[in-house]
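Colleague: Let chain G serve as the given structure and place chain D on it in line with the hints.
One line per chain: the protein sequences are G and D, in this order.
Counting from 1, one number per residue, gives the positions in the first sequence under our numbering.
Counting from 1001, one number per residue, gives the positions in the second sequence under our numbering.
Bear in mind the hints are in silico, worked out from the structure with no lab data behind them.
No residue lacks a Cβ here, since even glycine has one placed at the ideal position from N, Cα and C.
Warning: the hint list may mix true and false statements.
As the list claims (entries may be wrong) - Footprint (simulated), chain D over chain G, 3 or more residues, beta carbon under 8 Å:
#1 39 to 49
#2 55 to 68
#3 130 to 140
Said to hold, decoys possible - Just a sample of chain G residues kept apart from chain D, beta carbon distances all over 10 Å, derived:
#4 G8
#5 E15
#6 L16
#7 L33
#8 E35
#9 N86
#10 N100
#11 M102
#12 E149
#13 K157
#14 L178
#15 S182
#16 L206
Chain by chain, the residues:
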Amino acid sequence: MAKEILEGVKPTRMELLQMRKRKALAMKGHQLLSEKRDALISSFFDLIRKRKKIRKEAEKKLEEAYKALLMAEMVMGEEKVRDIANKYTKERNVKMEKKNIMGVAIPKFEIEEGESLEYSILSTTSEIDEAVKKSREALDKLVELAEIEGSIQMLGKEIEKTKRRVNALEYIFIPRLLATISYIERQLEEREREDFFRRKRMKALLQKHE
Amino acid sequence: MKIGIVGDEDAMAMFKFAGVAKCYGFEEIEKALNDDELAILIITHEYAKKLKEKIFYHRLQKDLPIIVEIPSKHKEVVEDTIKKVIVRAVGVEID
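This is chain G alone, in the form it adopts within the complex (with noise of 0.2 Å):
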């Protein structure tokens, strides 16, 4: 199968100026977004180690603040402990700021410091406190794996856009711009060995009259 080249190109000297500079620019572009590929990959891997780290530590303060929350209701029963969680709850929210990696928006969490509970210290017992307490820290380390993982999905995003846009150089853009300037060249050379073989002709010709 003959390779395909460019759509509405005419064989001109012109035209296969241009689509030098072309080629040029798309390989230009192809060896830019390659380097971008590759770095974008090494800081890819390098979040997937510290999130590996970072979802662990978060797992292990889950898990404690699970313990504390059911020590709570042990004492003090469900339905009490619940009670309190649902009346005074205060809100925690979170600050966003995005930081750029390689031209990729990347967010970056800050959690706000709410007030603390308000619940009496009468009718609560040390249990609830540290179940408080651990699910706070629970929260701040679910902050910072969120921030990763939500890094993680953007850049994996990015990187999948970049390598399409490689392959597409690689693979299509640039072997029809070849398969074009191939083509220009070849039609210039065909009609330059008619031309030549036309004033032969004529020069033949005209030698005959004379």
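Modeller: This is chain D only, laid out in the frame that chain G set:
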């Protein structure tokens, strides 16, 4: 921005103690995913397993809220949904 939680009652109680205000039931997941105020959505593993497809598509389409899966109280082996994202990006599974 806010943090949300989708999970069983124990997890909800725990995160309420921690200061998470937005709690969603299992049916409200759509609402949670489309909430512009949410920055992070915490989902317990049991629910995440049921919502696998939805989470996957959400991750592909939108950046926020970021979904974080946590193990639930009855400890199970957690199979991460984020692994799918990793596999899509680099083509291999990495631990």
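Colleague: Let me make sure I understand: some of the numbered hints might not hold for this structure. Which ones are they, in numerical order?
Modeller: 9, 12, 13
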